[in-house]
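Asker: Based on the sequences and whatever the hints tell you, model everything.
Residues per chain are reported as follows:
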Amino acid sequence: MVAETRFRVPRGLRLIWRDWADGTIVYHCQSGDTHRLHEVAARVVRAIEDAPRSLDEIATLVAEAAACSLNDETRAQTRELLRGLHARGLVEPTEGGGEAAHDPLGLD
Amino acid sequence: MTLSDWTEQQARAALSGAGVPLRIGPFVARVGTRVRELQDALLRLYRRYPVDGPGGIVDWHVRIEAPNPWRRFVGPQVAAYVDGRRRFAPFPRDQAFAMFEWLLNWCTFSRPHQYLILHSAVVERDGRALVLCGRPGAGKSTLCAALALSGWRLFSDEVALIRPGTREIHAAPRPISLKEGSIDVLRQLAPDHPMGPKMAGTRKGTVAHLEAPADAIARAEEPAEARWIVFPRWKAGASTTLTPLGRARAFLEAADNAFNYSLLGEVGFTSLAEVVDASDAYVLEYSDLDDVLGRFDRLASQEAVAS
Amino acid sequence: MRPIGGLLVEAILDPRSLATLEESEWDRLLRAGHRAGILGRIAAEVAAAGLDGAVPSRARARLAAADAVARQHERILRWETVCVARALRGVVERFVLLKGGAYLHAGDPSARGRLSSDLDVLVPRASLEAVERALGDAGWEATKLNRYDQKYYRRWMHELPPLRHRDRRTLLDVHHTLLPETGRLHPDPASLLARAEDLPEPEGAAVLCTEDRVLHAATHLFHDGDLGGGLRELLDVDGLVRGRADDHAFWDRVLEHAAHHELERPLFYAVRACRRHLDTPVPEAALARLERGAPRSLTRRSMEALADRALFPDDDRRPGVPVRTARWALYARSHWLRMPLRLLIPHLARKAARRWSTGEGSTA
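Chains as they are written, first to last, in the numbering used here: chain A, 84 to 191; chain B, 393 to 699; chain C, 406 to 769.
Keep in mind the hints are simulated off the structure, nothing from the lab. C-beta atoms are modelled at their ideal positions from N, C-alpha and C, and glycine is treated no differently. A portion of the hints provided could be inaccurate.
Residues from chain A that face chain B, not an exhaustive set, calculated with beta carbons under 7 Å [to be verified]:
no., residue
1, 101
2, 103
3, 105
4, 106
Each pair of labels, with its calculated beta carbon distance range [said to hold, decoys possible]:
no., chain 1, residue 1, chain 2, residue 2, range
5, A, 177, B, 557, 32 to 38 Å
6, C, 427, B, 693, 45 to 51 Å
7, A, 191, C, 665, 48 to 54 Å
8, A, 139, B, 690, 51 to 57 Å
9, A, 157, B, 542, 55 to 61 Å
10, C, 415, B, 502, 25 to 31 Å
11, B, 542, A, 100, 36 to 42 Å
Which bits of chain B does chain A cover? Going by a derived footprint, with three or more residues having C-beta under 8 Å, they are [stated by the list, open to error]:
no., stretch
12, 641-651
13, 654-666
Answerer: Here it is, written out as structure tokens:
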């Protein structure tokens, strides 16, 4: 069930952060990739790094950060964001997650 | 001891034989060739370089030779050898010096991973380094040459060597390569400054090399702290504008311009972040070289005033 | 002037000897070490022995550069293993890491400062199609798209054509057994897989048991082509057995596995070479049993002469004719062992033709 899925950073993930006025850059130590994150994405990743979060919690965070209301649109954007972060190896679902190969986060 | 302390005969004999170990900043390149014109160019443009003693550690063995003696009169070519192994496609013999410089560039770009290596020109003033970062063709060599002849110390026209964990940039000064129109521009700016052979038909068109200024070579072992990162863009008719660039953006552009940012992993990330933190970054648009020189003078003196 | 082979070997097996090295010897060592692909290992040994302060600064810089490359390769190997594990989840129960990937995850000494980031894995032959498909979905692409090369690999070799990841540009070799089926020796893949040891992570990853790792290293050194990796691969074998000179049960198992997999001959050559060049300690009883599988005297002498030459890089200059000939002879031999003669000649001719046409300088 989508509501039950929580998201966390992969076990053992090490990120190095640099915040500057014009953006946040994060280095993923295991993959060796460098990512530029916009403010909202950075907040989401930091929150998840702190503790696993549910989709609702993350959507709330997104709404706050983007200064908009928590509605279907925001939730859709949140799902997109999570898919993008997952593709970069920054977040993953906790136990369970998606069964279908095209939907590893169980968001559909 | 520098190469000019040898007699011409000694120098040519050494070049033809075991090679001459030249100190170029932190590196030692043992250089050898029997190609006479290349010897001429080396004796001219590398005369001020220190020669390392015998029995020392050599970083790169570089030789350029004519592989096929019978080709000498029909499309003669020269081949390159690095550390005893033949490398790369041959060059026409009359571009031997261009090949030599290209070879040393290759060594500097691809091997010294004790540094974070950016593809940038670097000049220094009052212990502070100005890094000119940009793709080939952005005009940074011309700008670098002009600065190097106008009170700034040349570090390199090709690489910024950043010592990891510090803000230090190290110098490895070499002849500055100029293409086509830039050659004339610099001849006008500094008509008496020694230049190497003008070679037509290279991959980059006509090229020539300006001798590295004596001061740059003499002080090659003095590093400097990164202070300005500038992305130059020559644009016909443009007035000189120096627009501040955000550090996140500067970081990404610089990483894109680095040879071994990915290779160095975490160390690459933190080193570049350190340098970016230490520096003010700008995008420079210009068309008038004199005007730009003046602008950089002001930048440097603002710094002197502030400190 | 000391032979370069001796300098290199001593640098690794007795790094404290480096504290008294002259600069001119450092010069030779650094260059030869770089060519032999073991400068990263030397850097690791120097660091482990706490010798950084005793090393001339220019040498320190070169070792630091090699160390940086080794760290990158280690990072790549670890991450590629994670990515392969993700791609193969639910497709195979386990995949077995070979060579560098195995040494790294098993903590073998040969992993130290290793300069290779290609990943090699072994999977059951029955799952090959599914594996290839899953890897394709996850972004790996075939490299040798030439029809002839594809055919060569699939029909005669023991591996899929090499795969390259489309984004990360890393290489992956998928094997289903250790040696080509057309060859003369037939190791038993089922046994290799059954005896493999699971890693705690990533899920699905395993390594060959130590005894089989020894055999694979020996086989790769003396059976596969490309003896350019000579000294480094000899050190791989040494690293796996050096600490076990008194472990007779271990050696019994190595020999038993060797017999089972028909790999006694490569093991014989590898152990002999290790003892000759690295003084690798091996129990007498094991040596005696190995001798029983020894080849005829003439074969053996010429093989060993060839191998000795090929193992050690020439100083400074291009490999002299003797070294290049030795390597070529051994390379040809390993192809001979892989493919029957009637298939070998056209294949080598094609390879040679292609190499000349790319205009690259000679590398035998």
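Asker: Work down the list of hints and note, for each, if the structure agrees.
Answerer: Comparing the hints with the structure gives:
The criterion of a C-beta within 7 Å of any C-beta in chain B is met by residue 101/A, whose closest approach is roughly 5 Å, and the hint holds. Checking residue 103/A against chain B by beta carbon gives a least distance of about 4 Å; that is within 7 Å, so the hint holds. The criterion of a C-beta within 7 Å of any C-beta in chain B is met by residue 105/A, whose closest approach is roughly 3 Å, and the hint holds. Given the 7 Å rule on beta carbons, the hint for residue 106/A holds: about 3 Å separates it from the nearest Cβ of chain B.
Restraint check, residue 177/A to residue 557/B: a C-beta distance of roughly 37 Å satisfies the suggested window 32 to 38 Å. About 49 Å separates the C-beta atoms of residue 427/C and residue 693/B, a value consistent with the hinted range of 45 to 51 Å. The supplied range of 48 to 54 Å is met by residue 191/A and residue 665/C, whose beta-carbon atoms lie about 50 Å from each other. In this structure, residue 139/A and residue 690/B meet the distance hint of 51 to 57 Å, their C-beta atoms being roughly 55 Å apart.
As the Cβ distance of residue 157/A to residue 542/B is approximately 56 Å, the hint placing it in 55 to 61 Å holds. Between residue 415/C and residue 502/B the Cβ separation comes to about 29 Å, which falls inside the hinted range of 25 to 31 Å. For the pair residue 542/B and residue 100/A, the supplied restraint of 36 to 42 Å holds, since their beta-carbon distance comes to about 40 Å. With 4 residues bearing a CB less than 8 Å from a CB of chain A, the stretch 641-651 of chain B meets the requirement of three and the coverage assertion stands.
Given as covered by chain A, the stretch 654-666 of chain B passes the check, having 6 residues with a CB less than 8 Å from a CB of that chain where 3 are the minimum.
No hint from the list above goes unmet by this structure.
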